[in-house]
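**Student:** Take a look at the letters that make up each chain.
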Amino acid sequence: MNSEERILTPVRVWRGGPGETGHYDTFLTPYEEGMSVLDALRWIRLHADSSLAIRYSCINANACKTCMVLVDGKVEYACTSRLKPSGVSLEPLRKRRVIRDLVTDTILDEEKLERTVDRNDT
Amino acid sequence: MDQWGARWARENGHIKQVTAPGHSRARCCYVDFLNTGPSVAGTLRRQLSRWNNIQRLSNVTVTDIVTHDGVAVGAVAINIVNSEIVTFDAGAVILAAGGLTKLFRRNSASANMAGEAYALALWAGADLVDMEFVQFLPIAHLAPRLVGMDPIMWDPFRYKLGGRLLNGRFEEFMHSYGGTDNGNYSTVRDQASYAVLKEVEAGRGSPHGGVYLDFRHVPEEQLRSAFGPVIDRLVANGIDLTQTPVEVGPTAHYHMGGVRVSVKMETRLEGLYAAGEAVGGANGANRLSGNAITEALVFGETAGRNAADHAMKVCRRWESRYAQQFVETAQAACSLRNPGGLPPIALQSELQDVMWECAGPFRTGDALEKALARIQQMKRELFSLSLSGQQHFDLDLQDWFELKAMLTTAEAVVAAALERRESRGAHRRLDFPETDSALSRNQTVEMKNERLLLEWTPVVS
Chain A
1 MNSEERILTP VRVWRGGPGE TGHYDTFLTP YEEGMSVLDA LRWIRLHADS
51 SLAIRYSCIN ANACKTCMVL VDGKVEYACT SRLKPSGVSL EPLRKRRVIR
101 DLVTDTILDE EKLERTVDRN DT
Chain B
1 MDQWGARWAR ENGHIKQVTA PGHSRARCCY VDFLNTGPSV AGTLRRQLSR
51 WNNIQRLSNV TVTDIVTHDG VAVGAVAINI VNSEIVTFDA GAVILAAGGL
101 TKLFRRNSAS ANMAGEAYAL ALWAGADLVD MEFVQFLPIA HLAPRLVGMD
151 PIMWDPFRYK LGGRLLNGRF EEFMHSYGGT DNGNYSTVRD QASYAVLKEV
201 EAGRGSPHGG VYLDFRHVPE EQLRSAFGPV IDRLVANGID LTQTPVEVGP
251 TAHYHMGGVR VSVKMETRLE GLYAAGEAVG GANGANRLSG NAITEALVFG
301 ETAGRNAADH AMKVCRRWES RYAQQFVETA QAACSLRNPG GLPPIALQSE
351 LQDVMWECAG PFRTGDALEK ALARIQQMKR ELFSLSLSGQ QHFDLDLQDW
401 FELKAMLTTA EAVVAAALER RESRGAHRRL DFPETDSALS RNQTVEMKNE
451 RLLLEWTPVV S
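From first to last, the protein sequence lines stand for chains A and B. The opening position of the first sequence corresponds to residue 1 in my numbering, with each subsequent residue numbered one higher. The opening position of the second sequence corresponds to residue 1 in my numbering, with each subsequent residue numbered one higher.
None of these hints come from the bench; they were simulated from the model. All residues carry an ideal CB built from backbone N, CA and C; glycine is no exception. Treat the hints with care, since some could be wrong.
Per label pair, the in silico range of CB-to-CB distance [as the list claims (entries may be wrong)]:
hint, chain 1, residue 1, chain 2, residue 2, range
1, B, 176, A, 65, 42 to 48 Å
2, A, 87, B, 262, 52 to 58 Å
3, A, 93, B, 436, 53 to 59 Å
4, B, 370, A, 23, 52 to 58 Å
5, A, 93, B, 455, 49 to 55 Å
6, A, 23, B, 26, 56 to 62 Å
7, A, 23, B, 169, 50 to 56 Å
8, B, 270, A, 65, 44 to 50 Å
9, A, 33, B, 264, 37 to 43 Å
10, B, 84, A, 65, 24 to 30 Å
11, A, 65, B, 54, 16 to 22 Å
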C-alpha cells in the first residue's frame, strides 16, 4: 500500500477522571492490516496525545491480561481486538472505578499501596 | 515447580526433554502449548498468594535505590495511580526487573523491560558486566500482523517441526553462511541472525525486511498434533501454515549482560542483590536456549534466600534524609512542564531506532560513536521534556523515569560495544569480524562522578 492509499481510522476514546461525565476525543489513526486496538492506542500516545491513559504490559501476547477495555460496548483485550478500518469507540470498563481515561481500578485491594502506607514491619 | 502445578510436558511418565539450538543433548523441558512462560509465572503467583507475609504492590515504579555508607537501605518510588512519591526502607533489596530489550525497535518482550534494573544498580554504586552482549533471536515474527501470540513462538515450532528458512526469493541460504538448515534447526542463534540480516542487506529479503519461515511441506496432522490450539489461533490471525510461509527476522530478545553478582547473588553493595535477567555474566557471550527461565528460578531462589538471611541479621538504619535527593529529583520530574517540549515517549521511540541501527546485531565503531553522542545529548534534554501533568495515571511521568533509565543503560551497552573491538558470540563488529583471544575477558561498567567507567577484568575461573 503506498502512502496515497493510507486509510485513517477514527478511534473515538473516552477521556475523563473518577466520577466525571467526561468527553470523547477522536483520533485519526493510520490503519494497517491486522493491527490491534492497542496498536492504535500506542500510536495515539506517540503521535497525537501522550496524555492518554492506557494500561498494558505485554503488547500483543495476551499474557499479562491488563489491557481490558470496552470496544464498541463489549469487554475485550485491547491487544487482541482487531481494529476495524471503519473505526471504533473505546471506553473504560463499566463495572470498575475509573482512574483516568481507559484505565480502571482492576488491581486487588491487597496489592494497592494505599493499603500498606502505615505498615511497620520489624 | 512440578509439585506446584507447572504441568511440564511428559512422555512415558517422565518430564519430556528436547534438544534446543546449540545444545549437545536433549535437556530442555517445556509446557504445552507455547505456555512455559505463562505457566511458570502463574505457578509462582499462585504460590505467592498463599502466604500472608509476602506483599505484592501494583502500580508502583521504583525510581532509585537508596544507600547509606555503601549499604542498600531502601528505595524511592512513585505510585502511578496518584503520582505520590513514596519511600521504602528495607533490610535487603533484590533487583529482578528483567532485561533491556525495549531499547531496541524490534524486540520480543513486555513493554516494561527497559533496562531499569541495570540503571538502578549503576546509580546505587553497584557494577555491571558484559553489557555489550545483547541476544538477538534470528527468527522472531515480522509479518503478517500477529495478535494474541508471542513473537518468538517460531522457535518452539522449529524445535518440534523443523521448517525451512528461505530468503525473499524462496531459496535456501543458510549454507552460504556456514550454517546448516536441514530442517532440524541446529545453527546457533547469532550465526542465524547474521545470515538473515546479510540476505536482507544483499537485497534478497522478504517484503518486511526479513526471511520466510516455511512449513508448507509439513502435513497438517503433524502441525496439529504438535501445536493443536495454536494452529487455530494462527488461522484466526489469517495464517494458514499449509498455504503460506510467514516472515521472520532478528529481534532483540534477551540480555546476557547485567548486574555483577557473587554466587550468592550479592552485588558489591551490601544489602543489594539481583536475580534473573537483571544478572550479568552467567551466560557469557551468548545464552543457550532454555537457560533464561531456568536461571530465573535458580538464581531467584538463591537471591531470595540470601537476601532474607541478610535482612534478618542486619540492623536497619533508615533515615528519611538518605532518600532526600531522590525524592527531590522525583518531585522535579513530576512538575516538568515545558510548553512545546517533546513528551518522553518521543525520545524513547527515537532511542529505539538509534539502538536498532547502531547497536543491533551488527555494529561498527562509527555507528556506535554516533549512538553514544546522541544518547549523551538526550540525557541533557531530559529536563526540557514536557509532561502532560495529569495527577492520575500519568504515563508521561512513567515514561520519563523509564527514559532516564533507558539512556543510562543504553550508554553502558554502547560504550562496552565500542571498547570490545572484536566479534564474539552475540556481539558482532563488522569492522572487527574476528575473535581476538586477547579479549577473552569481561568488561565491567560502573558510575563514578556521574560518568561511566569501563574496565577489563579476567574471566573468573
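**Student:** I'd like to know which numbered hints this structure contradicts. Please list them from smallest to largest.
**Tutor:** 4, 8, 9
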